[in-house]
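Colleague: Residue numbers (the working numbering), protein chains in the order written: chain W, 69 to 341; chain E, 12 to 306; chain C, 103 to 502.
Note that these hints are calculated values from the structure, not bench results. Ideal Cβ placement from N, Cα and C applies to all residues, glycine included. Do not rely on the hints blindly, as some may be mistaken.
[As the list claims (entries may be wrong)] If you want the footprint, here are the derived chain E segments under chain W, 3+ residues with CB under 8 Å:
1. 84-98
2. 154-166
[What the hints assert, rightly or not] Computed beta-carbon distance windows for the label pairs:
3. 259/W to 115/E: 24 to 34 Å
4. 78/W to 196/E: 53 to 63 Å
5. 272/C to 322/W: 41 to 51 Å
6. 165/C to 45/E: 28 to 38 Å
[Said to hold, decoys possible] Non-contacting residues of chain C with respect to chain E, defined by C-beta distances greater than 12 Å in every case (computed):
7. 328
8. 329
9. 342
10. 460
11. 492
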Amino acid sequence: MNIRSRALAAARFALSAFVIVAAVLPLYLLAKQSVTPELETFAWPPHWTPHHLTLAHFISVFEVNELRSAVLRSLGVAAVSAAIATLLGAMLAHAMARSSIAQRIGLSTVSGIRLLPMIAVAIPLGIILATVGIYDSPSGIGLAIVHAAIAIPTAALTLYAAFAAIPLEIEEAAWIDGASPIRIFLTIDLPMARASIATALILCFILSWDEFGFALLVQQTNRTLPPLLYYYTVFGNVGPASALALLMMIPAVCVVVALGPALRGTLTAGSSR
Amino acid sequence: MRLCGIRSRFTTVNAASKRLRTVFVVVPCIFMIAMLLLPALNGLLLSFDHHGPSLANYRILFDDSMFWRALGNNLLVPFGSVIVEFVLGLALALMLTARRSRSALIETAAILPFAIPEIVILTLARYIFLPRGYLNGALAMAGMHALPWLSPRSPLATFTVILVDAWHVTPVVMLMLMAGLQTIPDELYEAARLDGAGTFATFWFVTIPMLMPAIVGALILRGIDALRIFSTVLVLTGPEGVPVLSTYSYSLWDDAQKPHEAMAASMILALMVTMIGVGGLLAARRFSRDDGARA
Amino acid sequence: MKAMRAVHLLCRSTPLLLILLAGCQGSPPPDQLNIALAVFPDEAARYGSFVSDFESQHHVHVKVLAQTYSDILQAMRVQAGSHGALDLVELDLATLGEAHGYAQPLDAVVSPSARPLFSKEAWDAATIDRRLYFVPHRLMWQAMIYNHVEVPNPPATWNELERFARDHPGKLALKGARYEGAICDVMPFIWTAGGNECTPDAPGSIRALDFLQQLAPNLNDESAVFREMSVLEAQARGSVWIHFNWPFAMGYLHAKGLAPNVNLSAAIPAGPDGRATALGGGYLAIPNSAPHPKLAAEFIQYLLTADTQAKLSRELGWYGSVPPAPGSEDAQLYAGYTAMRPYVRARPTVDCYSDLSDQWRRAIRAVLFDDAVPTSAIASNVLNAADRCVCAESAPGSQL
Numbered sequence: 069m070n071i072r073s074r075a076l077a078a079a080r081f082a083l084s085a086f087v088i089v090a091a092v093l094p095l096y097l098l099a100k101q102s103v104t105p106e107l108e109t110f111a112w113p114p115h116w117t118p119h120h121l122t123l124a125h126f127i128s129v130f131e132v133n134e135l136r137s138a139v140l141r142s143l144g145v146a147a148v149s150a151a152i153a154t155l156l157g158a159m160l161a162h163a164m165a166r167s168s169i170a171q172r173i174g175l176s177t178v179s180g181i182r183l184l185p186m187i188a189v190a191i192p193l194g195i196i197l198a199t200v201g202i203y204d205s206p207s208g209i210g211l212a213i214v215h216a217a218i219a220i221p222t223a224a225l226t227l228y229a230a231f232a233a234i235p236l237e238i239e240e241a242a243w244i245d246g247a248s249p250i251r252i253f254l255t256i257d258l259p260m261a262r263a264s265i266a267t268a269l270i271l272c273f274i275l276s277w278d279e280f281g282f283a284l285l286v287q288q289t290n291r292t293l294p295p296l297l298y299y300y301t302v303f304g305n306v307g308p309a310s311a312l313a314l315l316m317m318i319p320a321v322c323v324v325v326a327l328g329p330a331l332r333g334t335l336t337a338g339s340s341r
Numbered sequence: 012m013r014l015c016g017i018r019s020r021f022t023t024v025n026a027a028s029k030r031l032r033t034v035f036v037v038v039p040c041i042f043m044i045a046m047l048l049l050p051a052l053n054g055l056l057l058s059f060d061h062h063g064p065s066l067a068n069y070r071i072l073f074d075d076s077m078f079w080r081a082l083g084n085n086l087l088v089p090f091g092s093v094i095v096e097f098v099l100g101l102a103l104a105l106m107l108t109a110r111r112s113r114s115a116l117i118e119t120a121a122i123l124p125f126a127i128p129e130i131v132i133l134t135l136a137r138y139i140f141l142p143r144g145y146l147n148g149a150l151a152m153a154g155m156h157a158l159p160w161l162s163p164r165s166p167l168a169t170f171t172v173i174l175v176d177a178w179h180v181t182p183v184v185m186l187m188l189m190a191g192l193q194t195i196p197d198e199l200y201e202a203a204r205l206d207g208a209g210t211f212a213t214f215w216f217v218t219i220p221m222l223m224p225a226i227v228g229a230l231i232l233r234g235i236d237a238l239r240i241f242s243t244v245l246v247l248t249g250p251e252g253v254p255v256l257s258t259y260s261y262s263l264w265d266d267a268q269k270p271h272e273a274m275a276a277s278m279i280l281a282l283m284v285t286m287i288g289v290g291g292l293l294a295a296r297r298f299s300r301d302d303g304a305r306a
Numbered sequence: 103m104k105a106m107r108a109v110h111l112l113c114r115s116t117p118l119l120l121i122l123l124a125g126c127q128g129s130p131p132p133d134q135l136n137i138a139l140a141v142f143p144d145e146a147a148r149y150g151s152f153v154s155d156f157e158s159q160h161h162v163h164v165k166v167l168a169q170t171y172s173d174i175l176q177a178m179r180v181q182a183g184s185h186g187a188l189d190l191v192e193l194d195l196a197t198l199g200e201a202h203g204y205a206q207p208l209d210a211v212v213s214p215s216a217r218p219l220f221s222k223e224a225w226d227a228a229t230i231d232r233r234l235y236f237v238p239h240r241l242m243w244q245a246m247i248y249n250h251v252e253v254p255n256p257p258a259t260w261n262e263l264e265r266f267a268r269d270h271p272g273k274l275a276l277k278g279a280r281y282e283g284a285i286c287d288v289m290p291f292i293w294t295a296g297g298n299e300c301t302p303d304a305p306g307s308i309r310a311l312d313f314l315q316q317l318a319p320n321l322n323d324e325s326a327v328f329r330e331m332s333v334l335e336a337q338a339r340g341s342v343w344i345h346f347n348w349p350f351a352m353g354y355l356h357a358k359g360l361a362p363n364v365n366l367s368a369a370i371p372a373g374p375d376g377r378a379t380a381l382g383g384g385y386l387a388i389p390n391s392a393p394h395p396k397l398a399a400e401f402i403q404y405l406l407t408a409d410t411q412a413k414l415s416r417e418l419g420w421y422g423s424v425p426p427a428p429g430s431e432d433a434q435l436y437a438g439y440t441a442m443r444p445y446v447r448a449r450p451t452v453d454c455y456s457d458l459s460d461q462w463r464r465a466i467r468a469v470l471f472d473d474a475v476p477t478s479a480i481a482s483n484v485l486n487a488a489d490r491c492v493c494a495e496s497a498p499g500s501q502l
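Full structure from sequences and hints, please.
Modeller: Shown next as structure tokens:
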């Protein structure tokens with residue numbers, strides 16, 4: 069018994085160590101690459117600590133036109149798609165929380181949509197967007213609309229619990245007082261679900277910020293950050309790629325660390341592959 | 012399928028609120044269908060277009076040995092990835108749920124791979140697994156031989172891809188299983204302890220059966236997602252290294268400039284995902300019905 | 103309250119704003135010329151300053167968009183059906199055949215005095231059905247990039263190359279991914295054995311593929327996935343000591359501090375029939391859907407003068423028309439390219455080239471990576487495509 073519990077404790081320790089090292093070491097390496105000259109990064113055997121420091125890579129992120137516009141574009145697309153997805157998701161979630169038919173329809177649609185691979189949608193979608201004239205637009209509006217569509221399931225499932233938890237009596241009281249259903253939704257349901265709405269907005273924002281597949285295929289030349297990072301990496305620009313990767317992490321990490329507990333139960337909802 | 016734990020409720024039946032609910036269901040669903048399903052259907056039609064309606068695009072695919080490699084890998088890699096995710100995720104979930112070793116540091120470190128954008132993880136992984144990357148550098152320091160982690164001729168590349176793909180997603184599985192673990196009542200563990208069951212017996216006869224619904228649910232969700240692997244292989248090995256259907260389709264579109272063949276390949280992927288997804292859902296429903304009957 | 107104060111401020115400043123706006127009405131906004139080039143972002147910035155003369159002369163703003171060739175071709179294709187946003191696009195030589203349908207004829211734009219700036223071969227590649235659709239913009243060809251610290255005497259013939267590969271397994275790399283770059287690496291071998299892409303079963307073609315099969319076991323493992331930039335990064339890291347690439351490779355290595363101190367360029371090893379290298383690079387086109395076609399034509403005329411070409415070579419290091427000044431650092435860096443200048447050969451610019459090329463890529467990969475026998479690899483892949491495709495062969499060895 070003693071040996072077994074000690075073996076378990078050792079296994080737990082090994083697992084913890086592995087998790088911490090696996091999380092921290094790669095980030096350290098990326099940070100090191102972003103502040104050392106590329107000549108050093110190309111050295112063999114690799115340097116584990118920086119020998120020279122340089123800010124040139126971070127400066128290039130802010131000075132190069134393409135990078136600046138990609139950052140703005142990513143922000144814009146993420147914000148717009150999060151807003152649209154949260155609004156539509158709130159509508160769907162409210163209906164699903166109030167009617168079993170709506171629940172069935174909503175779940176079937178969401179499940180069905182989940183089965184679609186990105187590549188099967190993105191290639192024909194690009195052709196359609198081009199016909200409408202918003203393919204590869206500088207503002208990224210086409211991508212924002214696509215991101216909104218793939219984020220609705222996340223928003224809806226996040227908000228479902230909040231709406232289902234609103235007591236019917238409050239809604240009925242307002243109804244008796246003469247409020248129309250839409251007024252009840254806007255003035256009672258939405259404010260009561262404030263916290264979940266914020267969570268949904270943030271989750272949808274992160275989903276769009278991180279999304280790679282549609283961004284690669286729909287915004288071919290006016291890029292957002294994930295495809296831009298991809299091109300920088302495969303084009304051998306190690307320094308700027310590392311700096312860009314670090315900067316890309318900031319919003320996502322802050323949010324996830326801050327939201328920790330709220331994420332459980334809602335992480336299952338979103339996927340953008 | 013019902014959303015677990017919360018029963019739906021009905022409002023007072025009246026025409027106005029029914030109208031609103033209809034609008035609230037129809038608008039988002041139409042939006043999703045129009046933006047996602049309709050283009051896919053259009054792609055399906057175009058995949059049968061080769062200077063006129065024909066099956067030629069599919070025949071061209073079947074003639075290509077790389078297509079068959081992509082098809083095989085598209086089953087192998089997700090399968091391996093799901094296994095790694097679940098083993099690791101379950102281990103982490105068990106460790107973090109045990110009250111003694113609860114630690115904010117470990118929890119954050121465990122969630123971190125999911126917090127970081129996937130493309131950043133892939134960039135990192137590339138610099139680690141390059142022939143002259145950090146991992147081979149560490150091996151060289153320890154006096155060992157460098158390994159061909161991402162070499163297209165080596166089976167090791169498939170393993171590396173599985174590992175990296177799983178690593179990003181393990182936190183999600185961990186959280187799902189943690190949620191499931193927390194629903195297991197303490198009394199069951201007490202009863203098992205009183206019956207003299209050891210740690211492993213408790214795990215096998217109490218934890219796993221009670222965790223089954225969560226495991227099955229997570230398996231279906233993660234399995235479907237894993238089948239659609241794209242960016243992992245694209246960044247780590249390129250379309251020719253460890254080909255999967257999505258990168259194969261992408262390279263037909265981008266390198267070969269053959270959109271109709273690309274759509275044919277993507278339709279085969281969609282078919283595979285649908286078949287496995289629907290099959291999984293049906294199996295899960297049958298499983299939960301059996302369980303219900305037993306109870 | 104804060105809101106009230108804000109409203110007051112706005113009301114008081116509005117007349118001032120209106121006056122300022124009215125004043126600005128005077129000068130009309132300059133026209134904008136949108137050019138999509140296959141350059142790196144920092145090159146785009148340099149190109150932007152290079153065209154500042156044109157900008158001030160014509161009172162326009164030239165916006166340079168840095169993209170990849172395939173992205174540009176896709177953009178051109180999708181914009182052909184709708185309204186266009188690009189006035190000038192740079193297209194890869196290999197895609198001229200299929201892209202000419204989306205481009206405007208330029209016979210009227212290019213004056214006879216501009217013709218001598220580039221070789222007849224370069225202009226021939228841009229002429230389809232006896233009309234000129236493209237103008238050479240950034241002509242490039244490949245040379246051998248080698249690590250002169252590890253390889254002080256680079257191989258000069260096929261035999262020496264084979265011996266190098268045997269003595270240093272994994273240090274010679276080819277761009278073997280399933281894309282056009284594989285053709286650019288391998289076709290010169292076919293050409294220097296007397297074969298060509300239109301007659302895949304000629305003895306010269308088979309002989310070249312036999313030679314490649316000899317090289318295959320000693321090539322760098324990653325050749326099956328290498329593209330221009332990934333093999334270049336491997337060269338920078340020292341995993342690869344010899345590979346073939348375009349002039350921007352030397353620019354990249356120079357920028358990272360690895361050339362000329364570690365890497366240099368040399369001529370591609372000579373085969374039984376002499377030397378050859380693939381012509382490539384960008385040609386400019388005015389899309390049919392261009393919003394400012396007249397302005398685009400003026401820009402082309404501005405580019406096609408001896409002065410501008412000399413300036414281009416000085417400021418951007420593009421030596422397609424004017425070679426680097428002897429004795430300069432660039433002359434040292436691009437020595438291999440200067441050496442290969444007389445041996446440049448274009449791939450056929452025909453409509454069906456992409457089909458032919460696709461089959462060649464499969465044949466090449468089958469030989470290099472799947473141990474296929476050259477004759478059967480050719481037969482199963484390329485013969486049908488070559489029969490269907492009426493090739494216009496280009497003459498070898500034109501002077502540039």
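Colleague: For every hint, state whether the structure bears it out.
Modeller: Status of the hints after comparison with the structure:
no., hint, verdict
1, 84-98, "violated (count 0)"
2, 154-166, "violated (count 0)"
3, 259/W to 115/E: 24 to 34 Å, "holds (32 Å)"
4, 78/W to 196/E: 53 to 63 Å, "violated (29 Å)"
5, 272/C to 322/W: 41 to 51 Å, "holds (44 Å)"
6, 165/C to 45/E: 28 to 38 Å, "holds (33 Å)"
7, 328, "violated (9 Å)"
8, 329, "violated (7 Å)"
9, 342, "violated (9 Å)"
10, 460, "violated (6 Å)"
11, 492, "holds (18 Å)"
Violated hints, in rising order: 1, 2, 4, 7, 8, 9, 10; the structure is consistent with all others.
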